[in-house]
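A.B. asks: In order, the protein sequences belong to chains R and D.
Per this note's numbering, residue 588 is the first one in the first sequence, and the count goes up by one each step.
Per this note's numbering, residue 649 is the first one in the second sequence, and the count goes up by one each step.
If you are wondering where the hints come from, they were derived from the structure by calculation, not from laboratory data.
Glycine is no exception: its CB is placed at the ideal position from the N, C-alpha and C atoms.
Some hints could be false.
[What the hints assert, rightly or not] Looking from chain R toward chain D, a few residues come up when the C-beta cut is under 10 Å (computed):
id	residue
1	I734
2	A764
3	K795
4	K798
5	D801
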Amino acid sequence: MANILHRNPQSSKTRHFQEIESITRPTLVAGDIPHGWVDGLDRFSNWIGHRKPIHQSCVDLGTHIYIWDAGKPDVENAPYAGPAQAEDVASGICDGLAPPALAALYFEISNRLKPEDFIRLAQLFIVNGSSERGLDLVYDTIDDLLIAGNFNAVDTLLKKLDCAEFAQKVLLCLLTATLGAKDVLSHRANFFKRVEYHLSGSSSFSPKLLKGLD
Amino acid sequence: MARAAGPLHIVHGLSDLRHAAVFLSGDIEGQMHSGFALDTAAISYLHLMRHLKLSSNVPPDLLLVLDPPFSDERLELVATLCRRINKLNRTDGIPYGFSCPELRFDQSGKLRISTPDSGLTCASFVLAVFDSAGLPLLDYTTWASPASAADQFWQDSIINIFEQSGVDPTHIELLKKEKGVPRFRPDQVAGAAASESAPVEHSRAETLAATLRRHISL
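Please build the complete structure, drawing on both the sequences and the hints.
C.D. replies: Structure below.
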């Protein structure tokens, strides 16, 4: 347990990175992963679509795992929660992955999360009832890439994402966040069509929902 | 949640607020002022208070909050955009100016004012946010250009205030170059937010603005 770092979640990816970079990184190697966590971590890695189990990736790369207390929206800025809550987080992960307002697992492989990891994490927030946090994470992730001129990363993300895996809110947020850069994102038009096709399968779908986002 | 009821779709309380709404307020200098009222944990308001002063404080002399003619789902993203804009611009602010609010996001995705644009007014800031979310509130093409004599008089008064306040002369030069461009008034923007649909044409925005002014004076 001593090697696990606990932090409150950061609503801004930028702040998240800054914080990671400003601290001494503890390394969590195979022997440090509490026995009961391995299944939960692997279930999580499977859920977010990583082909290789996270705990194995960490062993291979000698990298780190960070656990954040997702908290409730009203305790977003609560201070460090301590080991007791870490147990809750671990148990939440192992028992069924992120019960509402309890747990989010941030992991880091090769020192950087990929944009799609953030989008998947945003999805986790949203389905667990933290919409504001989830939408902020989508918008921050995309906008930070666009501001940095990293249009290829955004374009690749739009090309790769499977609409069926994401909530309507995530898809609409992706379209909104990329609207201003649509002329330089070659895969966005196709992404819009895929979103439209996916959402139109719902009985409650109205074309007005996507008006102005193409 | 259903849109606020009544002919003007006025939001009467937090429980009526569908993520993002448009407020109309009086101003400390006697002018009307507009901005966003938000139902978010992070901020409750966002408005361009004055030159380089983006505020998330309660606006002075709040008069009305109008529920815009857009779906809950899209208004939630307007609120998300407001939080993002607040994060990016709360320190440096947004310059005040007469530029057209259309397409304020450049290719980098950041809300920014680049030369030769001077900046936004409180009202065109609201329009720029809606526009950037793919929800144009006004039909800009129906605004007369050049602006009316009254609106140009107002633009002159802003330039005078800036000159007397020691605002950067380069910025004042940009304002002077833009003098005569269409002006989008706070009551027109609030009126458009009370409309049944958007984008709203100039004549309809004027009618709704007059209705709002009558409502306020009651």
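A.B. asks: Less than 10 Å between beta-carbons is the criterion; does K795(R) satisfy it with respect to chain D?
C.D. replies: At about 6 Å, which falls below the 10 Å cut-off, the nearest Cβ of chain D leaves the hint on K795(R) intact, so it holds.
A.B. asks: Double-check D801(R) for me: the hint is only fine if its C-beta lies closer than 10 Å to a C-beta in chain D.
C.D. replies: holds (8 Å)
A.B. asks: Could you check if K798(R) really has its C-beta closer than 10 Å to a C-beta on chain D?
C.D. replies: holds (7 Å)
A.B. asks: Should the interface hint for A764(R) be scored as holding, given a Cβ-Cβ cut-off of 10 Å against chain D?
C.D. replies: holds (7 Å)
A.B. asks: Take the shortest C-beta to C-beta distance between I734(R) and chain D; is it under 10 Å?
C.D. replies: holds (5 Å)
In summary, the structure agrees with every hint in the numbered list given earlier.
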